[in-house]
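Q: Use these hints to put chain B onto chain A, whose structure you have.
Here is what each chain is made of, one letter per residue.
2 protein chains.
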Amino acid sequence: MANQKNNIIIEQSSEDNNLPKVFLHGPPKFSIVLQPKPSHNFHILNPSSHPPLHEFIALNPHHASSITAVVCTGGFPVNAEVLQLLPSLRLVCTPSAGTNHIDLFECLRRGIQVSSAGNLFSEDVADLAVALLIDVGRKISAADRFLRSQLQKPWDFPLGSKLTGKKIGIVGMGRIGLEVAKRLEAFSCMISYNSRNKKPLLSYPFFSSVLELATNTNVIILCCDLNDQTRHIVNKEVMLALGKGGIIVNVGRGALIDEKELLKCLIEGEIGGAGLDVFENEPHVPKEFFSLDNVVLSPHKGALTSESLIGISQLVEQNLKAFFSNKPLLTPVI
Amino acid sequence: MANQKNNIIIEQSSEDNNLPKVFLHGPPKFSIVLQPKPSHNFHILNPSSHPPLHEFIALNPHHASSITAVVCTGGFPVNAEVLQLLPSLRLVCTPSAGTNHIDLFECLRRGIQVSSAGNLFSEDVADLAVALLIDVGRKISAADRFLRSQLQKPWDFPLGSKLTGKKIGIVGMGRIGLEVAKRLEAFSCMISYNSRNKKPLLSYPFFSSVLELATNTNVIILCCDLNDQTRHIVNKEVMLALGKGGIIVNVGRGALIDEKELLKCLIEGEIGGAGLDVFENEPHVPKEFFSLDNVVLSPHKGALTSESLIGISQLVEQNLKAFFSNKPLLTPVI
Numbered sequence: 000m001a002n003q004k005n006n007i008i009i010e011q012s013s014e015d016n017n018l019p020k021v022f023l024h025g026p027p028k029f030s031i032v033l034q035p036k037p038s039h040n041f042h043i044l045n046p047s048s049h050p051p052l053h054e055f056i057a058l059n060p061h062h063a064s065s066i067t068a069v070v071c072t073g074g075f076p077v078n079a080e081v082l083q084l085l086p087s088l089r090l091v092c093t094p095s096a097g098t099n100h101i102d103l104f105e106c107l108r109r110g111i112q113v114s115s116a117g118n119l120f121s122e123d124v125a126d127l128a129v130a131l132l133i134d135v136g137r138k139i140s141a142a143d144r145f146l147r148s149q150l151q152k153p154w155d156f157p158l159g160s161k162l163t164g165k166k167i168g169i170v171g172m173g174r175i176g177l178e179v180a181k182r183l184e185a186f187s188c189m190i191s192y193n194s195r196n197k198k199p200l201l202s203y204p205f206f207s208s209v210l211e212l213a214t215n216t217n218v219i220i221l222c223c224d225l226n227d228q229t230r231h232i233v234n235k236e237v238m239l240a241l242g243k244g245g246i247i248v249n250v251g252r253g254a255l256i257d258e259k260e261l262l263k264c265l266i267e268g269e270i271g272g273a274g275l276d277v278f279e280n281e282p283h284v285p286k287e288f289f290s291l292d293n294v295v296l297s298p299h300k301g302a303l304t305s306e307s308l309i310g311i312s313q314l315v316e317q318n319l320k321a322f323f324s325n326k327p328l329l330t331p332v333i
Numbered sequence: 000m001a002n003q004k005n006n007i008i009i010e011q012s013s014e015d016n017n018l019p020k021v022f023l024h025g026p027p028k029f030s031i032v033l034q035p036k037p038s039h040n041f042h043i044l045n046p047s048s049h050p051p052l053h054e055f056i057a058l059n060p061h062h063a064s065s066i067t068a069v070v071c072t073g074g075f076p077v078n079a080e081v082l083q084l085l086p087s088l089r090l091v092c093t094p095s096a097g098t099n100h101i102d103l104f105e106c107l108r109r110g111i112q113v114s115s116a117g118n119l120f121s122e123d124v125a126d127l128a129v130a131l132l133i134d135v136g137r138k139i140s141a142a143d144r145f146l147r148s149q150l151q152k153p154w155d156f157p158l159g160s161k162l163t164g165k166k167i168g169i170v171g172m173g174r175i176g177l178e179v180a181k182r183l184e185a186f187s188c189m190i191s192y193n194s195r196n197k198k199p200l201l202s203y204p205f206f207s208s209v210l211e212l213a214t215n216t217n218v219i220i221l222c223c224d225l226n227d228q229t230r231h232i233v234n235k236e237v238m239l240a241l242g243k244g245g246i247i248v249n250v251g252r253g254a255l256i257d258e259k260e261l262l263k264c265l266i267e268g269e270i271g272g273a274g275l276d277v278f279e280n281e282p283h284v285p286k287e288f289f290s291l292d293n294v295v296l297s298p299h300k301g302a303l304t305s306e307s308l309i310g311i312s313q314l315v316e317q318n319l320k321a322f323f324s325n326k327p328l329l330t331p332v333i
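Line by line, the protein sequences give chains A and B.
The first sequence begins at 0 in numbering that gives the first Met the number 0 and counts up by one.
The second sequence begins at 0 in numbering that gives the first Met the number 0 and counts up by one.
Bound conformation, chain A alone (with noise of 0.2 Å):
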């Protein structure tokens, strides 16, 4: 309420104060991101108070040239269409880690700067990956699912894999990447990666190509971004290629994945298992999912903890206090 409060007393004021515009282009709970602080040197129009970005700028015209930054989240893109209602944009901030749902082509051609949340998450996405990961080959979720459904024959649980030793493959070897790598080396596994270019300085075997990585593996774990080069990257061939006993782990986005052949391949057996933390159609979750053991679904979380959390707002505001300091962008992308 204190909040609520201080944002109506801030917003009543904002009509005549020369504070630079920042637009929150998501859900209306996405405020908690950013919320204003009378140390800020910019204004906040959020979406709790706010209609979405079209609707605002056809109430509100003169905000068309106002808005100086927008901090947005996956599934509100800035695209061309987006750029073009806000002639005045210079920083375009999001506290992903992928940024699929903006438009960098035409931000750099605009001279727009864009910050993303850099490596703040690696390790919690990381953590999640290996989770999903032992709990698909352990059948973890399983079998809480088996126990309370009362059916009370524990013995009979149907035995999982063994983690230890794995080959794993790991797909796009940036900073998540390289925390999975770190995780599952512990773990006694061999891993090996493919990723745009060869890195230089990692000794892990690198293939050039996904289906090669899952023919020499026996887990595929997607850490990479989606864009044109990498959308349906693990298609059928390659799920055959990982083989009957193989497993997936998607912590990228859904789309690296064919989500049909998927689900074929998962009821038919033709893979081992699937951790998904994303889906191609985002919130939806294709029902066929729900009746299969070998898979683990997770809501796209793998970002966010509660102490991620606090840690993105913290880095949201400071992107934004440094853009409108003339300073350098904690994590810029472009």
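In short, the hints are calculated from the structure, not lab data.
Quick list of in silico lysine-lysine cross-link-like pairs, DSBU-like style, CA-CA up to 35 Å:
(1) Lys243(B) - Lys161(A)
(2) Lys161(B) - Lys181(A)
(3) Lys36(B) - Lys166(A)
A: For chain B alone, coordinates are given in the frame of chain A:
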């Protein structure tokens, strides 16, 4: 079917052969750990073709003196009463890491050797401990259940807590404890431990009581044996010391925790959550657990994977072969 046939043939010849007898003391399915082979220098009396030990001896009193070895699993005790029945017993071989179902003192007194799984399961148990920990903290099974319930509001799912950097207290720093520590170090966790004695070669901080350990950590992982000293080693006081954000993982034995107090603390939010592979009165799992979202339940399968089942079958066989060839046991307990 082939094995079954083989059993019968060997058993038919058993009455006249002079091979020492090995009794499989477990449920019918337990025969999976030791299948008869022509090369064996012993003869197997297995529970899929025989009644339980007491009944078997009552029906076949001449076998009382022919049974030289027993292979036994948890829930099938080898106590003073059983030892009394088998005056010729010289070896007790358990395929488990724990030996709390065996009266070791009485075995020692009678000059009976005992072998266990040794370190065979350490990696698999450690993998499960880590998975249960992340599962509870990051609410993975709960989230999977949430999605499958088709409420379909993924964004409303509550946040979990970060694992990276947490303070972890390990109770029992044997091989499993060490494997857990090795894995969690890769998550940048800070490890400390409690065990019977301080280990001079370990640099992790040592606490001489579980209460002190719980007071100084966010997580307690139970990897110790169950015995008179460790029964209910985690009591209400320990749980309150661990606190509202604290997590308990038990991959040891159920009775290490006062289960009634655990349930109360979970229901009342006095601790954050628990990941339980073991229960106080297995296979009974208290129904009150089933409605709790801050617990992950696993049907005592820490040690069991497809790979470890093959490994333990080989180890049991090797111990028996060694024993009957007057060679040292591979994994002696006493």
